[in-house]
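A.B. asks: Quick mapping for you: the protein sequence lines, in order, are chains A and B. Under my numbering, the residue at position 272 of the first sequence is numbered 272, and the numbers go up by one with no gaps. Under my numbering, the residue at position 205 of the second sequence is numbered 205, and the numbers go up by one with no gaps.
Quick caveat, the hints were computed from the structure, so don't treat them as lab data. Here a beta-carbon is modelled for each residue, glycine too, at the ideal position from N, C-alpha and C. Some clues are possibly wrong.
To be verified - In silico DSSO-like links for lysine-lysine, alpha-carbon gap of 27 Å or less:
#1 B:K434 x B:K345
#2 A:K345 x A:K361
#3 A:K230 x A:K270
#4 B:K270 x B:K434
#5 A:K434 x A:K270
#6 A:K230 x A:K186
#7 A:K270 x A:K110
#8 B:K181 x B:K230
#9 A:K230 x A:K345
#10 A:K270 x B:K270
#11 B:K230 x B:K361
#12 A:K434 x B:K230
#13 A:K230 x A:K361
#14 B:K20 x A:K270
#15 B:K20 x B:K5
#16 B:K270 x A:K434
#17 A:K186 x B:K434
#18 A:K92 x A:K110
#19 B:K434 x A:K20
#20 B:K20 x B:K270
#21 A:K434 x B:K20
Unchecked claim - Calculated Cβ distances over 12 Å to all of chain B for the following chain A residues:
#22 L60
#23 D70
#24 E72
#25 H111
#26 A177
#27 G243
#28 V255
#29 Q258
#30 E304
#31 E349
#32 T371
#33 M384
#34 V395
2 protein chains.
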Amino acid sequence: MNSIKVGLLGFGTIGSGVVKVFQQNGSLLQSRLGFPLELTRIADLDITTDRGVVVDPGLLTTDAMALLDDPEIQVVIELIGGYEPARTFVLKAIANGKHVVTANKALLAKHGEEIFAAAEAAGVNVMFEAAVGGGIPVISAIRENLCANRVHSLFGILNGTCNYILTEMEEAGEDFATVLKDAQAKGYAEADPSFDVEGVDTAHKLALLCSLCFGTRVDFDSIYTEGISKVTALDIQYAADFGYKLKLLAIGKQVNGQIEARVHPTMIPKNYPLADISGVFNAVRLVGDFVGPVLLSGHGAGSEATASAVMGDVMAIAREAGTGSRLRNPPLAYPLSEIGDLSIKPMAEIASCYYLRFFVKDQPGVLGAITGILGLHDISIESMIQPHRHAAEAVPIVLMTHEATESNVRAALAEIDSQDVTQGDNLFIRVENKLD
Amino acid sequence: MNSIKVGLLGFGTIGSGVVKVFQQNGSLLQSRLGFPLELTRIADLDITTDRGVVVDPGLLTTDAMALLDDPEIQVVIELIGGYEPARTFVLKAIANGKHVVTANKALLAKHGEEIFAAAEAAGVNVMFEAAVGGGIPVISAIRENLCANRVHSLFGILNGTCNYILTEMEEAGEDFATVLKDAQAKGYAEADPSFDVEGVDTAHKLALLCSLCFGTRVDFDSIYTEGISKVTALDIQYAADFGYKLKLLAIGKQVNGQIEARVHPTMIPKNYPLADISGVFNAVRLVGDFVGPVLLSGHGAGSEATASAVMGDVMAIAREAGTGSRLRNPPLAYPLSEIGDLSIKPMAEIASCYYLRFFVKDQPGVLGAITGILGLHDISIESMIQPHRHAAEAVPIVLMTHEATESNVRAALAEIDSQDVTQGDNLFIRVENKLD
Numbered sequence: 001m002n003s004i005k006v007g008l009l010g011f012g013t014i015g016s017g018v019v020k021v022f023q024q025n026g027s028l029l030q031s032r033l034g035f036p037l038e039l040t041r042i043a044d045l046d047i048t049t050d051r052g053v054v055v056d057p058g059l060l061t062t063d064a065m066a067l068l069d070d071p072e073i074q075v076v077i078e079l080i081g082g083y084e085p086a087r088t089f090v091l092k093a094i095a096n097g098k099h100v101v102t103a104n105k106a107l108l109a110k111h112g113e114e115i116f117a118a119a120e121a122a123g124v125n126v127m128f129e130a131a132v133g134g135g136i137p138v139i140s141a142i143r144e145n146l147c148a149n150r151v152h153s154l155f156g157i158l159n160g161t162c163n164y165i166l167t168e169m170e171e172a173g174e175d176f177a178t179v180l181k182d183a184q185a186k187g188y189a190e191a192d193p194s195f196d197v198e199g200v201d202t203a204h205k206l207a208l209l210c211s212l213c214f215g216t217r218v219d220f221d222s223i224y225t226e227g228i229s230k231v232t233a234l235d236i237q238y239a240a241d242f243g244y245k246l247k248l249l250a251i252g253k254q255v256n257g258q259i260e261a262r263v264h265p266t267m268i269p270k271n272y273p274l275a276d277i278s279g280v281f282n283a284v285r286l287v288g289d290f291v292g293p294v295l296l297s298g299h300g301a302g303s304e305a306t307a308s309a310v311m312g313d314v315m316a317i318a319r320e321a322g323t324g325s326r327l328r329n330p331p332l333a334y335p336l337s338e339i340g341d342l343s344i345k346p347m348a349e350i351a352s353c354y355y356l357r358f359f360v361k362d363q364p365g366v367l368g369a370i371t372g373i374l375g376l377h378d379i380s381i382e383s384m385i386q387p388h389r390h391a392a393e394a395v396p397i398v399l400m401t402h403e404a405t406e407s408n409v410r411a412a413l414a415e416i417d418s419q420d421v422t423q424g425d426n427l428f429i430r431v432e433n434k435l436d
Numbered sequence: 001m002n003s004i005k006v007g008l009l010g011f012g013t014i015g016s017g018v019v020k021v022f023q024q025n026g027s028l029l030q031s032r033l034g035f036p037l038e039l040t041r042i043a044d045l046d047i048t049t050d051r052g053v054v055v056d057p058g059l060l061t062t063d064a065m066a067l068l069d070d071p072e073i074q075v076v077i078e079l080i081g082g083y084e085p086a087r088t089f090v091l092k093a094i095a096n097g098k099h100v101v102t103a104n105k106a107l108l109a110k111h112g113e114e115i116f117a118a119a120e121a122a123g124v125n126v127m128f129e130a131a132v133g134g135g136i137p138v139i140s141a142i143r144e145n146l147c148a149n150r151v152h153s154l155f156g157i158l159n160g161t162c163n164y165i166l167t168e169m170e171e172a173g174e175d176f177a178t179v180l181k182d183a184q185a186k187g188y189a190e191a192d193p194s195f196d197v198e199g200v201d202t203a204h205k206l207a208l209l210c211s212l213c214f215g216t217r218v219d220f221d222s223i224y225t226e227g228i229s230k231v232t233a234l235d236i237q238y239a240a241d242f243g244y245k246l247k248l249l250a251i252g253k254q255v256n257g258q259i260e261a262r263v264h265p266t267m268i269p270k271n272y273p274l275a276d277i278s279g280v281f282n283a284v285r286l287v288g289d290f291v292g293p294v295l296l297s298g299h300g301a302g303s304e305a306t307a308s309a310v311m312g313d314v315m316a317i318a319r320e321a322g323t324g325s326r327l328r329n330p331p332l333a334y335p336l337s338e339i340g341d342l343s344i345k346p347m348a349e350i351a352s353c354y355y356l357r358f359f360v361k362d363q364p365g366v367l368g369a370i371t372g373i374l375g376l377h378d379i380s381i382e383s384m385i386q387p388h389r390h391a392a393e394a395v396p397i398v399l400m401t402h403e404a405t406e407s408n409v410r411a412a413l414a415e416i417d418s419q420d421v422t423q424g425d426n427l428f429i430r431v432e433n434k435l436d
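Start from the sequences and build out the full structure, keeping to the hints where you can.
C.D. replies: Shown next, in the form of structure tokens:
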């Protein structure tokens with residue numbers, strides 16, 4: 001068996017991690033495969049910045065198209081990120097009969113259908129374990145090991161930036177803006193953090209997981225996406241008082257021929273498995289009809305953990321190529337003809353328990369007015385705390401409801417807002433008491 | 001593409017779970033594959049007992065050899081368990097050019113070398129995800145996703161019976177014998193529980209994981225194996241006082257060209273990831289040089305979770321067969337020619353912290369005598385508790401040591417035993433403070 005040759009597009013943080021794997025574990029890769037795996041070309045617009053790895057200058061090029069047209073290269077790793085030129089490059093690689101490994105969740109969530117169709121037509125593979133959960137083998141678990149299961153539900157902590165911020169807010173009692181600034185200083189958050197903190201990155205990942213789990217196209221724009229920027233340290237504290245932790249969860253469920261697909265801050269009981277996933281760790285809990293619950297956790301980002309996932313995919317493709325097989329398992333773990341179009345349940349119809357936080361004037365009858373309106377909308381209260389009373393200040397009232405529909409909760413809150421009893425921003429946070 | 005036909009050997013607990021997957025999720029399997037997967041034959045000595053699933057009587061046979069000689073069957077699932085006739089049947093299936101899926105850790109831990117060599121020679125696959133961790137995709141994670149990593153270490157809770165017993169001992173404060181009886185009544189422990197509670201089952205699984213992680217043959221008999229039958233509820237209570245939980249851990253490490261491979265009761269800090277794996281759940285923590293720590297957990301046993309893993313393997317083989325490929329990834333994730341012979345570090349050379357529990361006569365000088373002997377053997381004490389003093393009774397002394405070598409600890413305890421200061425059984429339990 002001759003060697004299999006790999007080209008790398010994008011020599012940034014993850015790209016340099018990939019180069020390190022080749023350099024540090026090249027003999028391990030060859031030993032496992034039984035033949036050599038070679039990184040023969042690295043393309044980036046910037047090939048002069050020090051990446052912390054020493055590379056033969058002959059490997060480096062600024063000409064991505066030359067790499068994509070190199071007939072010797074069988075596998076292209078795309079680590080450029082974003083929509084363009086990543087999309088053009090990936091489609092070109094496929095058109096040239098090359099397998100693709102990518103960590104680009106934004107690209108796949110938006111242009112996946114086009115890319116996967118091109119790959120199926122060309123008989124090449126597109127693998128993307130690194131796109132969700134960094135080094136955690138979650139994509140593979142769904143595609144391969146758990147593929148005999150109907151997945152009922154999945155719950156993911158999929159963005160290390162958000163989880164770091166929420167963990168710090170909880171531990172230090174600091175508010176969002178302060179912790180975000182600190183996270184940016186430490187390199188855990190981007191200069192423009194909105195993709196992360198507003199939940200968009202998590203929603204990209206959820207779209208991919210839902211397609212894999214439920215065998216359906218997912219319209220990314222239909223995923224309800226709410227980030228963590230409105231959560232206060234006080235809410236995290238109150239959640240703890242009720243016995244909950246606050247996490248930014250990606251939630252996917254399959255119920256009666258529809259799916260739920262939503263990203264939002266969520267309170268979960270503090271003794272539940274995902275509750276102790278702290279800092280930059282990621283985790284996914286899946287519940288299948290045969291396997292029951294499975295939890296996978298690990299480093300959700302970072303150069304080396306992500307490179308581990310990229311190289312796991314490259315090895316899988318090399319093993320296929322080594323036995324003359326192509327496209328053993330299609331990218332979404334179904335042939336495209338089998339992928340359906342399940343609709344996403346509208347948020348108004350979601351049923352959940354809710355955490356409600358109001359600031360009110362400290363005067364008689366306020367609580368009665370609020371609970372009265374909630375009752376009129378079929379929302380019953382499970383428990384209440386009224387913490388930190390300071391005379392003359394607005395007083396917080398914090399309620400935990402029994403299960404209610406989102407439309408009722410929104411209608412009730414609008415009505416409460418329209419009365420002259422609350423002050424400042426009211427907030428509701430969804431509560432998941434079961435995770436199954 | 002014609003259908004792929006599967007034969008099942010063993011119609012017991014897991015076997016009936018496999019039948020349920022075919023019946024309940026057959027359309028899902030076909031949809032994912034793009035062609036049908038058919039269970040065409042089930043062999044068991046007992047084909048009259050009600051298994052809770054309705055099966056076409058034409059599928060059932062008591063003649064395993066007829067199944068193994070059926071030229072239509074491409075995949076044989078072996079769920080008989082034990083060494084014989086499982087070994088004979090698996091070798092026969094391989095000789096007949098059939099792929100094999102098995103959940104039989106005992107067979108593979110003892111006869112793996114013979115079976116894997118036969119499979120490589122015949123160009124067929126032997127897959128065994130269900131042999132370790134029930135439905136948790138741990139074998140696959142090592143074989144596929146994490147295969148670009150050098151694995152530094154793995155820590156596993158791999159036996160649901162032991163973990164259930166330890167959890168019950170902790171929560172109810174009951175002693176081993178009482179909880180075992182209760183576990184037997186509930187079906188969580190066998191009538192003869194020794195394979196489970198003495199750690200043998202865990203050691204079988206550890207042998208497989210070490211081969212996969214470290215690319216080495218593992219002599220099963222060289223794995224140090226100590227079960228949980230000597231642990232008392234008191235020790236679990238004292239562990240909690242020190243901030244630890246007690247688990248039966250499988251530990252594999254690669255250090256300086258040797259491996260550690262050992263199974264024993266182990267104290268781990270109570271806020272560590274594996275510490276909250278309770279009851280019949282299993283979990284594995286792996287640390288790789290690129291991926292860092294990864295934790296996988298789920299149902300470690302049971303008909304349905306194990307059937308999920310079996311069927312994941314069957315699907316993987318069907319996908320290979322569907323693209324005309326065979327043996328894409330060899331059973332141990334290395335070609336056999338690359339499998340080495342790392343030696344297992346002798347237990348005497350292991351360095352660890354230790355929990356030491358003595359019952360002593362309540363008289364002056366006893367503690368001094370004990371600590372003096374420990375000091376002479378280079379064992380220093382990190383902390384001590386002397387709980388529950390009752391006049392005239394033997395008094396417990398419980399110590400937590402700094403890191404010491406096992407040979408020194410054993411020598412010191414032998415010397416302490418030989419003095420006239422302790423009463424009854426002394427006990428030491430190894431403590432893992434790092435899990436990396």
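A.B. asks: Does each hint fit the structure? Answer for all of them.
C.D. replies: We went through each hint and held it up to the structure:
1. With a C-alpha separation of about 19 Å, the suggested pairing of B:K434 with B:K345 holds against the 27 Å cut-off.
2. For the hint pairing A:K345 with A:K361, the CA-to-CA distance comes to about 37 Å; that exceeds 27 Å, so the pair is violated.
3. Under the criterion of a C-alpha separation no larger than 27 Å, the hint pairing A:K230 with A:K270 is consistent with the structure, at around 21 Å.
4. Restraint check for B:K270 and B:K434: the C-alpha separation of about 12 Å stays at or below 27 Å, so the hint holds.
5. Proposed proximity of A:K434 and A:K270 is supported: the alpha carbons are some 12 Å apart, at most 27 Å.
6. For a cut-off of 27 Å, the pair hint linking A:K230 to A:K186 stands: about 22 Å separates their Cα positions.
7. For the suggested pair A:K270 and A:K110, the alpha carbons sit about 35 Å apart, so the restraint of at most 27 Å is broken.
8. Distance hint between B:K181 and B:K230 is fulfilled; the C-alpha atoms sit about 15 Å from each other, no more than 27 Å.
9. Our distance criterion of 27 Å between C-alpha atoms is met by A:K230 and A:K345, whose separation comes to about 24 Å.
10. Distance check on the hinted pair: A:K270 and B:K270 sit about 15 Å apart at the alpha-carbon level, within 27 Å; holds.
11. Distance restraint check for B:K230 and B:K361: the Cα-Cα separation of roughly 21 Å lies within the 27 Å cut-off, and the hinted pair is therefore satisfied.
12. Distance check on the hinted pair: A:K434 and B:K230 sit about 37 Å apart at the alpha-carbon level, beyond 27 Å; violated.
13. The straight-line distance between the Cα atoms of A:K230 and A:K361 is roughly 22 Å, inside the 27 Å bound, and the hint therefore holds.
14. Restraint check for B:K20 and A:K270: not satisfied, since their Cα atoms lie roughly 35 Å apart, outside the 27 Å limit.
15. A threshold of 27 Å between alpha carbons decides the hint, and for B:K20 with B:K5 the separation of about 16 Å falls inside it, so the pair holds.
16. Proposed proximity of B:K270 and A:K434 is supported: the alpha carbons are some 24 Å apart, at most 27 Å.
17. Straight-line distance between C-alpha atoms of A:K186 and B:K434 comes to about 25 Å, which keeps the hinted pair within the 27 Å bound.
18. As the CA atoms of A:K92 and A:K110 are separated by approximately 17 Å, the hinted pair is consistent with the 27 Å bound.
19. For the suggested pair B:K434 and A:K20, the alpha carbons sit about 26 Å apart, so the restraint of at most 27 Å is met.
20. Distance hint between B:K20 and B:K270 is unfulfilled; the C-alpha atoms sit about 38 Å from each other, more than 27 Å.
21. Taken as a hint, the A:K434 and B:K20 pair is honoured in the structure, with Cα atoms around 26 Å apart against an allowance of 27 Å.
22. For A:L60, the non-interface assignment is confirmed: its Cβ lies about 22 Å from the closest Cβ of chain B, beyond the 12 Å cut-off.
23. Against the 12 Å criterion, A:D70 stays outside the reach of chain B, whose nearest CB is about 23 Å from its own CB.
24. With 12 Å as the threshold on Cβ separation, the claim that A:E72 sits away from chain B holds: the shortest Cβ distance comes to roughly 21 Å.
25. Distance check for A:H111 against chain B: the nearest CB is about 23 Å away, which clears 12 Å, and the non-interface claim stands.
26. Residue-level check passed: A:A177 sits 29 Å from the nearest beta carbon of chain B, beyond 12 Å.
27. A:G243, annotated as away from the interface, keeps every beta carbon of chain B farther than 12 Å; the closest lies near 16 Å.
28. Here A:V255 stays apart from chain B, with its beta-carbon at least about 17 Å from theirs, past the 12 Å limit.
29. The claim that A:Q258 lies off the interface holds: its Cβ sits roughly 17 Å from the closest Cβ of chain B, which is beyond the 12 Å cut-off.
30. Not every beta carbon of chain B lies more than 12 Å from that of A:E304, the smallest distance being close to 4 Å; the non-interface claim is violated.
31. Look at A:E349: its CB is around 26 Å from the nearest CB on chain B, clear of 12 Å, so calling it non-interface holds up.
32. Taking the minimum C-beta to C-beta distance to chain B, about 37 Å, the non-interface status of A:T371 holds against the 12 Å cut.
33. No beta-carbon of chain B is positioned within 12 Å of the beta-carbon of A:M384; the least distance is around 30 Å.
34. Non-interface status of A:V395 relative to chain B is upheld: no Cβ of that chain comes within 12 Å, the nearest being about 36 Å off.
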